[in-house]
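With the sequences and hints as input, model every part of the structure.
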Amino acid sequence: MGKTLFDKVWDAHVVDSIQNGPQILYIDKHLIHEVTSPQAFNELEERDIPIFRPNQIVATADHNTPTKNQHLPVKDELSRNQLKQLAENCHKNNITLYDLGHQYNGIVHVMAPELGITQPGMTMVCGDSHTSTHGAFGAIAFGIGTSQVAQVFASQCLLLTKPKSLRVTVNGKLKNGVLPKDVILYIISKLGTNSGTGYFCEYAGDVFENMSMEGRMTVCNMSIEMGARGGMIAPDQTTFEYIKDREFAPKDEEFENKVAYWKTLPTDADATFDKEYVFDAQDIEPMITYGTNPGMGIKISEHIPVLNDASFEKSLEYMDFQKGESLVDKPINYVFIGSCTNSRIEDFRVAANYIKGKHKADNVTAWLVPGSKQVEAQIIDEGLKDIFETAGFELRQPGCSACLAMNDDKIPQGEYCVSTSNRNFEGRQGQGARTILASPLVAAATAVAGKIVDVSKAFENAFEKELMS
Amino acid sequence: MEKFTTLQSRAIPLAIENIDTDQIIPARFLKATDKQGFGDNAFRDWRFDKRGNLNTDFPLNDPKYTGSILVAGDNFGCGSSREHAAWALVGYGFKVIVSSFFADIFKGNALNNGLLPVQVSEAYLETLLNTIKANPETELIVDLENQTIGIKGSDQQESFEIDAYKKTCMINGYDDIDYLLSKKEAIEAFELSRTN
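Protein sequence lines correspond, in order, to chains A and B.
Using our numbering, read the first sequence as starting at 1 and increasing by one per residue.
Using our numbering, read the second sequence as starting at 1001 and increasing by one per residue.
Just to be clear, a hint being listed does not mean it is correct.
Unchecked claim - If you want the footprint, here are the derived chain B segments under chain A, 3+ residues with CB under 8 Å:
| # | segment |
| --- | --- |
| 1 | 1007 to 1017 |
| 2 | 1031 to 1044 |
| 3 | 1106 to 1117 |
| 4 | 1151 to 1158 |
| 5 | 1179 to 1187 |
Just so you know, these hints were derived from the structure itself, not from any lab.
The C-beta atom is built at its ideal place from N, Cα and C for all residues, glycine as well.
Shown next as structure tokens:
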């Protein structure tokens, strides 16, 4: 029987198997950041265990970093201390760190792919659930807890039970205005937040084949929001071209040899999956969430469903929304474009393209937070910064920012924020804040209108006008 | 890691589905560099309002409920991989979490901290929640060796699954690092054998 992409990568990394138990899986790359690593470093130090393979670890500062005045000392004492610990731990253990201000600093899941650290066929982990992002390259990448961070420090391995396999296929052509974020929000809205638990997901079909690497990263990033530890897309020419010539990508002959290997990775035609779902691209429209988990999403043109369920009602009460209502025209005061889901250059190009020649509504505070120093530089180079600033948007410095509001970028109590991030949990963007997840296009349109707009209508109209002229 | 064999305790019912780790421990409390003190902020924004007043409607604040077992709704621990959630629950005093479904990363984190996730059927979860609500003094008995959970004084019992390796670790207080370090030679041999 044929093997899946996941099987091929997994099987190539099994060191040993415990009878009736987990397997020892070798980890190629271990990414770390300031929040989930200090206790792991302490653990090893207390037990007098050295870091086994420091050159396979890359660190960045991202979760609690300020997005303004990064050249000044970090004001918050606890954050400053956590960042200092990371720097000390990396220095002591010879681990590469892209600290605040470094030209390669950025959100861990933006920084590693853009530097060519992420490659097909690898196993990658990080103490962050959105590590699934790197699966876009055909890598097995997943989030781990801090005890596991310590395990990888000590042995470059993890004890794991092989997950089951799931494939989500989306075929057809996406409608105008439908972005990768809409595709994944649509999938999660259909499958729910725990359909992927215990599974590793492969995304297949024309929609993903025709998607850019950045779009694929957006999709794989949110795999965890349906419970799947990771998501993967088969590496192809798009993948190889993206990696070629990046800082840490293999070069010349080594690159050609790697490509030859990477081409063997896609799922065999006769491989089978434990679970399969198939969707039609034509059914997908710009999406928006109305509740307090990412599965509570609807097309902007739809109304909130009417369900009699205590958890559903608790969620709507928190959001101050009513069953059966439409979210179109809801006034919105905060817009956030950023996070490891949507803070890459294409996301800002989409936003700038919409915003150009328009102006942000007076009631809106709009934060644009690039995923990395490199994305920030690109925004400036391409002239997008001027477009944003002319339109009244604030371009900040890179970091996780208002996605989890560990720094000062918090949405005030009771306020709605249309956000390109990945989680709309209660209080995620600040105590009492109400998050509405959407694509960068929907976020940009919301900022301009000061309220939620049905961008699918805008595109229909534009298309009609084009036909008429 | 602390050993776990059996536990008899009262339980706190928390009949909410999809409890994510942001609720168990909000991100603003993740700035510590050790594992201590997270229990004080477990379920912080559900236990207290923004002004710091106790939310008396929340089951953890209800004086009629107590115990080291939390009985929670479906899909417990979804979202962020933060192990701080497990540290917060252990710090608060929980030793067992019962639910009809656990998120993957949380489950692993719990087991790595001697916190036992007990997955029961939806029907049995309903029974447990109703029994505890009807009589908050109800005691539950969790037996890891025999992989059973039951209500004291009742024959309503259910068995639960746990990976045999993890079970041994819990019972003996072992952790994965010990095991992985014992495999160092195999790991080094694997590194040398790789071609891709």
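Verification of the hints:
1. 1007 to 1017: The restraint on the segment 1007 to 1017 of chain B holds, since 3 of its residues have a Cβ under 8 Å from chain A and three suffice.
2. 1031 to 1044: Contact hint for the segment 1031 to 1044 of chain B vs chain A: holds, 5 residues under 8 Å.
3. 1106 to 1117: As far as the segment 1106 to 1117 of chain B goes, the hint holds, because 4 residues have Cβ atoms under 8 Å from chain A.
4. 1151 to 1158: violated (count 0)
5. 1179 to 1187: holds (count 7)
The earlier numbered hint that this structure contradicts is number 4, and it is the only one.
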